[in-house]
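Student: Here is what each chain is made of, one letter per residue.
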Amino acid sequence: MLPDHLLKEAKELVKRYKMNIKQEKEFMKRLEDVYIGSKIDPGEAIGVITAESFGEPSTQMVLDTFHFAGVAEMSVTTGLSRLIEVLDARKTPSTPRMDLYLKPKYSKNVETVKKIAENIKETKMQDILKEITINIAKLQIEAEFDKRTMKDYGLKEKDLLDILKHSLKNVNMKETKEGFNCKSKEEITLSEIYRLKEKIKRIKISGLKGITRVLPVKNDEDEYIIYCAGSNLKDALQLEEIDHERTTSNNIYEISEVLGIEAARNAIIVEIQKVLDGQGLSIDIRHIMLLADIMTRNGEIKGVTRTGIAGEKESVLARAAFETPIKHILNASLIGEVDELNSVIENVILNQPIPLGTGLPQLIMRNLTEDKDEFN
Amino acid sequence: MVDIFLNEKYIGEVDNGDTFINKIKEERRKSILPNELNYYYEEKYNSIYLNTSKGRARRPLIIVKNGASLFKKEHIDAIDKGLLKWKDLLKEGIIEYVDAAEEENCYIALDENNLNKDHTHIEISPVAILGLCTSLVPYSNYGGSSRLIRGTKILKQSLGLYSSNFLLRMDTDVNILHYPQIPLTKTFMHDIFNYDKHPSGQNVVIAIMSYEGYNMSDAIIVNKGSVDRGFGRSTFFKPFSSEEKRYQGGLMDEFTIPDKEVKGYRAEKDYKFLEDDGVIYEGAKIKADDVLVGKVSPPRFLGEFEEFSIAANVKRESSVALKHGEKGVVDSVLLTENEEGNRLVQVRLREQRIPEVGDKFASRHGQKGVISYIVKTEDMPFTVSGIVPDILFSPFGIPSRMTISHLIEIIAGKVSALSGEFVDGTAFDVTPESDLKENLLKMGFKDDGTELMYNGITGKVYPARIYIGNIYYLKLKHMVANKLHARASGKIQLLTRQPIEGRLQGGGLRIGEMEKDCFVAHGAAMVLKERFDSDKTVIYVCEECGMWAVYDNYKDKESCPKCGSKVKISSIEVSYAFKLLIDELKALCVYPKIILGGKF
Ligand SMILES: [Zn+2]
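Read top to bottom, the protein sequences are chains A and B.
The first sequence begins at 1036 in our numbering and counts up by one.
The second sequence begins at 3 in our numbering and counts up by one.
So that you can see chain B by itself, here it is in the shape it has in the complex (with noise of 0.2 Å):
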């Protein structure tokens, strides 16, 4: 007897759970049953799981029977005149959808020739197990899995030309690559989604080999002639926006230059970029604090006693300007209406991006790495053909990941730039390794990819034969111009006269609990003591009630509040964040008494 589930829940009970399944699979198959409908025969459990609910991932199988599939020529035919749709072959049965579960109890053939009497279903194309970013990275099949999840990720954080009209468009935080390619190595994929209209990297020479130590760990050397020429250049746009806002009792917000009387005014210097209107002009070079929208807003909250003062009766200071770091030049300026039908400001600002040391670059096969280190093109090894790489990797990044695929794509692109072909390297399909190897050698190179190379700074030969190809670079979006912070002192929280967060704010680097953990570990308690000093304060506390005492800074005398001047006051030096915490114990209704005595 064999339960059967439906959704989860409990329906009845068969005698022969194969029967059924079969059954079920049949109906499927000829449209009587739906066919959002999967299964799922646990047989050491002895039931049946079937399932209609959403939120299940499918994926299409050809159906196999008899060790034979269902997809024949006849079939290709008809697509190829256009007499069968995908909706066709799912509806005779020929094709059908299958979901994790299912997948269980199915037994999957990769392609035709593995195809024996077993197989219940095969792949439509072996490549179909990998999704769209996946299959965009070539040589796929000759790596490991976890490298080609790593490749992916680091596809989708890649700079391009993410859409053709970017110049009409406010989106935020975008990025644009200065000269993308076309990888000489492509997959079917770049051809199937016009890879060719959005490319998001550029075709170097990469040479595999340490440089005077600077391209230890993941780091890559980057030769400053490349640089020059325009490798990795990219700009960063960023709009702003800001909208005249109607209040209550008619009042609303004005776009203008701000008047000196206005409350929160800043320095004069600060508007030296505005228009008559209140707006910057496009082509302003504009730097951290110089404000692009002048805006004046109302008074906040009109009290009933304030309405008469002068004083409450000035108005806002709401201008937008940069913030610490910030700098470029003003793109373009817009001046529109929103929903609401208020007078709209969008400033766009850009910033040229020229690639610079702890910018970070990547191969397509998860190998990612920052620049350590531009060299002159004149200090940069060269080849007998003269050819100077563009870029350094160090050997050791290969061993321990194994990315074969990387290596591969080196010698794929050597070839596909000298013959002035692309080279494909769909994943399970790809132009053989030997191939490569024969082409190079016909072209007059070695056919392990190597080359003898001259050292550029002092013109000898190094001993070693130096593996140089062609492979595509992507620059990624985290650039050191965006992440680049240091701070001696500044801005603190008004509340614990501690340093406040945050890069934009010009903030502190927090010294965070497990920070503090290596302090103690290492028994350095002065550091530590040192690293928390942010925010000590000099506080009185008075010895009889142990509550805090006054300094009277005037009269130079101490006093507590409730005991008079006459008892022992002593000075003591804690955070201020201690102080705090008692005075909100002394909320809590709690007595928090300090008693203070010699350490000795």
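Just chain A, same shape as in the assembly (with noise of 0.2 Å):
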């Protein structure tokens, strides 16, 4: 009746205790009561349920967006926009964050936390520009090096513009005493050159990509921990500061990527409950998890909609009083699918009873004509 792993526990329990056997006898019911009492009944509606608990809170969530205290531009998606994202299994988040764990030699000292912040950093051509104006005579972007933030970041004014003419195409690169100008080889216009000025100030020069703002934060436990908005999981995790065990990012496809799709149901677990614990309700750990489950079971992630679990349902007719209902039919006839009726939907549609709660159990009952001498 009890599972392995709990009939293993019970036994310790009763030599721990140094029951009798009585007490044992008693204990043992008493355990296995408790055991299927917890087990949900047969025929019970979980999906829906799952569904309903999950829309009921969802109306009372506020949108809003949490904000770092000082740090404008490092913000989270969190409520009901943060729940559809995950739900909907967006390939990437609308803010990508990342929590990095550093190893214990690395992580007490700030200056050193600090410099591992700012290699993680991904550096662009506007961070080390003093100035970038356009000279509207003569069509050219004329740019200014900041010095001292080059001495920083120890970069060459001929690296960068190494950088420059790798990235950029079309262009003549001129160098000048401060900086470098810039011209088209083509005729462009203003607005055209507006552009070409936006594009080099977004230039990438050194760090992780797509990391474009480091936080390091002291936590509870007097250790550093550098939050980063953007994600890289796999170039981070390869640092030799990291802690891999303990870094996450908010980007389930890329856990799914790096770590794998175990990681990427604990991931959805993890995501859901951060947005109901930031909005002060709750739902039943089980929901969540059978939601994971369904979402991740064919070893990529699914989300809940019309191209991902929603277009799994073996019934035609369910996928069709779902979205897109002509296309799931003429597909079915082709390849003649038969649908068994063996789920809610088609059943209501064809107003019979469903295969639920007391739908269930059906019974079966010998034809007494044919065994009449039997009864008489």
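Think of the hints as simulated: they come from the structure by calculation, not from any bench.
Hints are supplied without guarantee of correctness; some may be wrong.
What the hints assert, rightly or not - Residues of chain B placed beyond 12 Å of chain A at every Cβ, according to the derived structure:
#1 3
#2 68
#3 92
#4 214
#5 251
#6 326
#7 388
#8 397
As the list claims (entries may be wrong) - Some chain B residues near chain A, calculated using beta-carbon distances under 8 Å:
#9 14
#10 43
#11 519
#12 524
#13 525
#14 526
#15 527
#16 530
#17 531
#18 535
#19 587
#20 589
#21 593
#22 596
Unchecked claim - Within a straight-line C-alpha distance of at most 30 Å, the following computed BS3-like cross-link-like pairs (lysine-lysine) qualify:
#23 25/B <-> 1173/A
#24 1239/A <-> 564/B
#25 1191/A <-> 1220/A
#26 25/B <-> 1165/A
#27 1362/A <-> 564/B
#28 46/B <-> 1232/A
#29 11/B <-> 1204/A
We put the beta carbon where it would ideally sit given N, CA and C, even for glycine.
Two chains, two frames, some hints: make the complex.
Tutor: Next up, the structure:
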């Protein structure tokens, strides 16, 4: 009756509390009762109950973004919009974020942590330019390097110009005393030169790709954690200083790619619970686990959408009732699909008892006319 | 370097954003630049947005320079003498219009007391931050903003005297309150826009207490005596119209009492109120199905062969009649012509609406509720001086919503009613609560607004003192008479055989997607099936080809149109909608074969 691991644990308890046979019998009986009582009844509509358990609290959710004190651009989407993001399994979150934990020998000193953070942050051209302007008369862009920041980052003018030449096409670069001039080879309009200026500003120089902002924060255990806006788990885990066991991202797809589907399943659970905690709401963990299981059961993440798990239903009628009915029915007719009417929606369409709850148990009766003799 | 954008387009850059902005401001105030120009300096991204486009909400503010308002006493005097106009103030650079984006760069003082050197603007009046409807709420600076917004929305739904020539008008769905009053607690806005000419509520005596458990949640208890005396009584007007249309070939409609031969003739008694010209008389008391305007139209489509057929040449009935659930008295009948010169009849129906259980009422502070019980006057609680409240309001509506303005209006109304003077409740400039309390004490009442009250049923004194006073109450346009609806069986749709929609047609109440989920979650399979039984049908299926078979009632024999009568044919009970779905799939050239089988 009881699963093995529970039985093993129970036997240990019997031994530890030195129960006699009568006590042990009573204990096992009660344990069995509790075990059976906590099991879900056959025919319980767990899917619908999970859906309703998510739907009701989400109506109370407040749409808001969480801001880190003092850092205006580092915010995290929370609330309903984040929940929808997780459930729809969007490829990239609207505010990707990574929490970098460091190995103990690096995590105590502020200066080392700051230095690590600095190296992780993606440095762009605009960070080391003192000024970048458009010379309207000459239709060229004139930029001036910030020599001090360049020194901080340990960069040389020559390297920077190489990077620029490498990433821009169709332009003439000219080194000047303060910085460089940049002119297009073709004739361009004012708005195009403005776009070119913006492009130059965004050219990457160093750091991990996608990490736009870093914020070292001290936690309760006197240890520094680096919060990163932007996520790049693959590259971050290869760094020497990083504690790869605790470092996480809020990008579920990235976790699935780097750490595997089981990790992604856990990430879904954690992310959903983060949203709920932030809103002061609670949903039973088993609902969340069921959802995470369904979303990851094929080894790849599927959202609760038409193209995701809703498109995987077995019944043609159920799929057709959800979205794009003609497409589903025509495809089904091409391959001669048979709908066994085993689920809820098909039976509602046909107005038959649904195979759930009171509709699940069936009564088999012997035909009395056939066995007349036996009864007489 | 700061980038400049004009109407979202990049136009150039300047060295110093601040001097540029200051220059723009100066020139706008001197009317060198148009006053429609607004700017927004985003220092974080080093850009300035100039805007001259349409569709921006802008509001006027007085300009402040070096900590002093530019609008001085001499201006007020000049305005009083009629020498200075609003236009001049704008031209002289005393007042300027600011849009939502520019407000981000402004530092606006609420009033002169709070003015300091950093301020750039000052409000013309603190109430100017409120809209028209919002400023009708008294003591509104004492409540939360969300409640104020709700109160404003409610004001828009209240019944009153929307126009004094309403008897001459044919507006759709109009409600007129019979005895509208000016509120005892006024704001400046009531005087400014002649609220006394078109008030929309009534002053009532309210006691905050529960009554026999009938006013739980937001429900209110109403005194039957007050209802009899005309509290919340209103009239509902509904116009109907019909015209004599002209058709091709000189044919036209005709107002008349239709002949019995006419296609679509109703029952004879439905026409009983019509006079000889086919139009109803004023003062007729009518109910559902009664005809207001009798009309016959020429036959609709005349095909080539039908032209000589007698049956097709019969005229059609096209009268205007009352629908299911409508009733009332014919208020006025208007015979006129429309733009095309066709004869037009307009009939206005009048119905008196006496407050009943389910009608919605509200105070001006977002405290809305429906009548749950109308109590006989003798059973209502009464005070020592014999005052019987008109409305009993549940105390549980106050703490969670924190509508302090609601409570203060009750005291203010009490003071006003006792002293005979209106109380001013204009936001930020109210008659102080302490003054109200002082006045109450002077007139011999407790200053906290409570009074000793007696139970109307037992005659015993209530152990607690009851908060009682006068408040302005609004009757809202949502009345049960317009919404009450139930159905057992009735009309069904031709195509799907499911009940039709709509209250006026006597339609069904829909068990929707979410209601279905509720049954599923409870595992109530049989309830679910029964709820969807409205279109169930028994239908025969050929087990050979899996298509619909036919049952011949005359021969008592089933047969398949394709496989004949020798195959096995069984009957199944399904929803008609499913039968329709299968037929529509066949029209799509999909072969939906039905495979029958025992369940075991
Ligand atoms: Zn057949």
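Student: Next step is simple, just say for each hint if it's right about the structure.
Tutor: Here's how the hints hold up against the structure:
no., hint, verdict
1, 3, "violated, 5 Å"
2, 68, "holds, 32 Å"
3, 92, "holds, 35 Å"
4, 214, "holds, 33 Å"
5, 251, "holds, 44 Å"
6, 326, "holds, 28 Å"
7, 388, "holds, 47 Å"
8, 397, "holds, 25 Å"
9, 14, "holds, 7 Å"
10, 43, "violated, 16 Å"
11, 519, "holds, 5 Å"
12, 524, "holds, 7 Å"
13, 525, "holds, 2 Å"
14, 526, "holds, 6 Å"
15, 527, "holds, 3 Å"
16, 530, "holds, 6 Å"
17, 531, "holds, 5 Å"
18, 535, "holds, 7 Å"
19, 587, "holds, 6 Å"
20, 589, "violated, 12 Å"
21, 593, "holds, 7 Å"
22, 596, "violated, 10 Å"
23, 25/B <-> 1173/A, "holds, 27 Å"
24, 1239/A <-> 564/B, "violated, 74 Å"
25, 1191/A <-> 1220/A, "holds, 26 Å"
26, 25/B <-> 1165/A, "holds, 26 Å"
27, 1362/A <-> 564/B, "holds, 29 Å"
28, 46/B <-> 1232/A, "holds, 18 Å"
29, 11/B <-> 1204/A, "holds, 26 Å"
In summary, the numbered hints that this structure violates are 1, 10, 20, 22 and 24.
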